[in-house]
Amino acid sequence: MPNKVSNKKILATFARLALTNLGNGYMMIAPLRKNVVEQKHWLTEERFSHLVAKAQLIPGAFSFNLSAIIGRELAGSKGAACAIAGTGVPILLLFSLLVAVFSPMRHWSLIASALNGMRPAIIGLLAATAFRVGRQSLTSPAQWLYPISIALIIGYGHLAPLYVVALTFGAGFVYGKFVKPQL
Amino acid sequence: MIYAILFISFIGVGFFGFGGPEAILSMLAHLATEEHNWLTQSQFADLLIVSRFVPGEASLNAATLSGYAASLSEYGMASSMGASLAAMVGLALPSYVWAELTYHLRIPTTWHDGLTHALALLKQAIPGLIGGAAIILASADNIGTLQSPWHLGISLFIMLFVVIGNVVFRINAAALLFLSALAGIMLL
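Protein chains in written order, with the working numbering: chain A, 444 to 626; chain X, 427 to 614.
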């Protein structure tokens with residue numbers, strides 16, 4: 444594919460998108476599609492969906508993954524770097540400002556009380572997400588033992604989740620490649 | 427020194443953070459509150475709350491806040507921007523490398539069975555990763571202790587209310603957070 448999109452345009456596109464999107468990285472998909480597929484015609488619908496799937500497969504922060512993959516496709520390595528910078532720099536500046544301004548306000552009595560109410564709520568929301576994600580990938584009740592034991596080991600055993608991921612990945616790979624063919 | 431530690435730690439998150447925006451939170455929570463004392467559990471919880479209402483994915487904001495908090499007390503405001511940048515670049519670098527790798531390399535067909543099983547096993551582990559983050563954050567400063575039974579009781583009630591409200595009645599997260607804030611203002 445020829446390098447048809449300028450790095451400047453990529454930088455501007457991702458910066459504007461980063462600043463107008465709330466919530467987690469998946470919220471970025473729809474506006475990005477509208478922007479690069481429908482309005483600017485930089486990518487076809489099929490190609491865009493393929494790239495989103497790829498961004499979901501690789502590890503890391505999703506908004507950076509998506510920026511890097513789309514930027515790479517549009518304008519090569521420099522495009523990927525520009526897309527990442529476009530996403531990261533505005534967020535870095537904006538959140539630094541928010542932290543500097545709002546950190547002292549956490550201790551104001553009204554805000555402190557509201558936060559005391561919302562902290563258990565955010566924990567509850569994580570638990571609810573865990574349950575909803577599990578309901579999709581786990582079929583029998585016995586299968587729940589596996590994620591539940593992982594949660595307990597991370598939460599109470601203080602084992603780094605990085606090791607859990609590496610072990611899980613390694614075990615699954617070795618089983619699929621070497622053990623299962625022998626059976 | 428703190429710059430290097432932040433940079434390398436966040437590279438680790440970027441390279442191994444499988445499982446989507448929520449699963450990666452367990453890595454960040456462990457890193458920032460347990461492995462290093464960059465943030466308290468309540469700061470991390472506040473970060474997740476605020477990230478729902480401002481631009482930027484929670485993991486990006488976590489990098490900014492970790493850098494800021496890790497260096498503020500020792501080196502002051504000017505250096506904390508640099509520390510945030512170090513963490514952010516560490517988080518972004520693996521995405522760049524993964525994009526390059528997946529663009530150039532084709533996965534050998536002999537790896538397919540291995541990768542399929544690895545990803546299937548990881549997929550089943552994701553609820554555990556998210557649940558682990560929830561347990562890490564269910565600390566004394568976020569939900570209270572037995573010494574403060576009123577705070578603990580209200581917290582447990584809110585948690586239960588939110589889980590049931592979200593899973594069973596499908597009330598959206600923003601509405602549940604708003605109700606919890608009201609409950610906090612009136613009761614805590």
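By construction, these hints were calculated from the structure, which means they are not laboratory data. Backbone N, C-alpha and C define an ideal beta-carbon position, used for all residues, glycine too. Hints are supplied without guarantee of correctness; some may be wrong.
Here are the simulated lysine to aspartate or glutamate pairs, EDC-like style, with alpha carbons at most 16 Å apart [to be verified]:
{"no.": "1", "chain 1": "A", "residue 1": "K521", "chain 2": "X", "residue 2": "D539"}
{"no.": "2", "chain 1": "A", "residue 1": "K497", "chain 2": "X", "residue 2": "D567"}
{"no.": "3", "chain 1": "A", "residue 1": "K623", "chain 2": "X", "residue 2": "E460"}
{"no.": "4", "chain 1": "A", "residue 1": "K620", "chain 2": "X", "residue 2": "E526"}
{"no.": "5", "chain 1": "A", "residue 1": "K497", "chain 2": "A", "residue 2": "E481"}
{"no.": "6", "chain 1": "A", "residue 1": "K477", "chain 2": "A", "residue 2": "E488"}
Non-contacting residues of chain A with respect to chain X, defined by C-beta distances greater than 12 Å in every case (computed) [what the hints assert, rightly or not]:
{"no.": "7", "residue": "N450"}
{"no.": "8", "residue": "N467"}
{"no.": "9", "residue": "K477"}
{"no.": "10", "residue": "E488"}
{"no.": "11", "residue": "E489"}
{"no.": "12", "residue": "R515"}
{"no.": "13", "residue": "E516"}
{"no.": "14", "residue": "I593"}
{"no.": "15", "residue": "G600"}
Derived list of chain A stretches under chain X, where covered just means 3 residues or more per stretch with a C-beta under 8 Å from a C-beta of chain X [to be verified]:
{"no.": "16", "segment": "520–531"}
{"no.": "17", "segment": "539–550"}
{"no.": "18", "segment": "555–566"}
{"no.": "19", "segment": "610–624"}
Checked hints:
no., hint, in the structure
1, A:K521 x X:D539, "34 Å, violated"
2, A:K497 x X:D567, "39 Å, violated"
3, A:K623 x X:E460, "38 Å, violated"
4, A:K620 x X:E526, "25 Å, violated"
5, A:K497 x A:E481, "20 Å, violated"
6, A:K477 x A:E488, "10 Å, holds"
7, N450, "14 Å, holds"
8, N467, "4 Å, violated"
9, K477, "17 Å, holds"
10, E488, "20 Å, holds"
11, E489, "17 Å, holds"
12, R515, "4 Å, violated"
13, E516, "8 Å, violated"
14, I593, "3 Å, violated"
15, G600, "9 Å, violated"
16, 520–531, "holds (count 6)"
17, 539–550, "holds (count 6)"
18, 555–566, "holds (count 11)"
19, 610–624, "holds (count 13)"
Violated hints, listed in ascending order, are 1, 2, 3, 4, 5, 8, 12, 13, 14, 15; each of the other numbered hints is respected by the structure.
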